[in-house]
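Peer 1: Numbering-wise, the numbering used here puts 224 at position 193 of the sequence shown, and it's gapless, one number per residue.
These are computed hints drawn from the structure, not numbers from a lab.
Just so you know, even glycine gets a beta-carbon here, dropped at the ideal spot from N, CA and C.
Check the hints yourself; a few may be wrong.
No farther apart than 25 Å at their CA atoms in a straight line, the calculated lysine to any residue pairs in the SDA-like style are these [what the hints assert, rightly or not]:
1) LYS105 to PRO175
2) LYS243 to GLN227
3) LYS105 to GLU76
4) LYS194 to GLU90
5) LYS58 to GLU90
DEER-style ranges, computed between Cβ atoms [to be verified]:
6) GLU76 to GLU193: 32 to 38 Å
7) VAL205 to PRO233: 43 to 49 Å
8) GLY92 to GLU132: 53 to 59 Å
9) VAL165 to GLU132: 29 to 35 Å
10) ARG256 to LEU61: 16 to 22 Å
11) ARG186 to GLU132: 14 to 20 Å
12) LEU229 to PRO196: 20 to 26 Å
13) THR152 to ARG186: 20 to 26 Å
14) VAL165 to PRO260: 30 to 36 Å
15) GLN178 to GLN227: 28 to 34 Å
16) GLN178 to ALA245: 18 to 24 Å
17) ASN99 to ASN259: 55 to 61 Å
18) ARG85 to GLY189: 19 to 25 Å
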Amino acid sequence: MSGGKGATRSNAVSTTGEEPASARPAKSELTRERIMRAARRVFAEHPYNEASFRMIAREGGFDHPLINYYFPYKPDLFEAVVAEICEEFYRANIACLEGLERMTTGEGFSLYIDRFLDFNTRNPEPMRIILLNVAHVDRLEEIPGYQHIPEVLARTRGTFEEKIPLRATTEEVVMFLNSFNALAIWFLGAHTCQAQILGMEPSGAEYTAWVKQALLYLFLPRLERLINPQA
């Protein structure tokens with residue numbers, strides 16, 4: 032409905048049709064996001080101890096002193112990246128579990144893996160960053176933000192137990208999920224190596240299908256026992 036010729040436009044939109052400045056991210060926020068995106072790509076290809084601000088600046092197409100303005104030290108940036116990817120992983124895991132309680136164990140676990148693999152295809156950095164740095168587990172003080180990784184795995188275990196009607200001990204659930212996560216991180220974080228062993232294209236549909244079948248083969252029977260020990 033129109034307000035007539037004398038009506039004025041809402042000040043929520045400018046006369047040029049653009050969003051008001053207050054509705055747009057500040058330049059500082061956009062710059063920080065740009066740095067974070069470049070850092071994620073670099074940390075997904077190089078361990079923390081090998082990556083540098085110069086490499087990140089080159090990846091992002093900006094001068095490296097700009098990074099120092101937002102992240103004075105490399106540990107600050109790396110911890111911010113680890114915290115971000117862990118939170119993304121946690122939210123994705125919740126989405127992967129959505130609605131599975133209404134399915135059979137086989138159908139639900141198959142869909143969970145499909146969703147998990149789709150998340151990794153769209154966001155490959157988390158698995159690669161975790162895998163590249165997990166070897167430093169005996170030197171935790173050298174890896175800033177490493178504590179976010181075991182914390183998020185514990186949080187995802189809690190979500191899994193809430194969503195899936197398990198009839199198992201905590202020890203059994205921990206063993207199941209730790210084993211699943213470890214293998215999934217290897218298959219996806221080291222996909223180039225694993226696919227080469229199999230003679231497949233790392234980013235191809237054939238390798239993705241192989242990962243799904245391997246995870247189903249190894250973990251579905253055990254999950255069925257955790258849900259129904261008498262079966």
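Peer 1: Find the hints from earlier in the document that the structure breaks and name them by number, from lowest to highest.
Peer 2: 4, 7, 8, 10, 12, 16, 18
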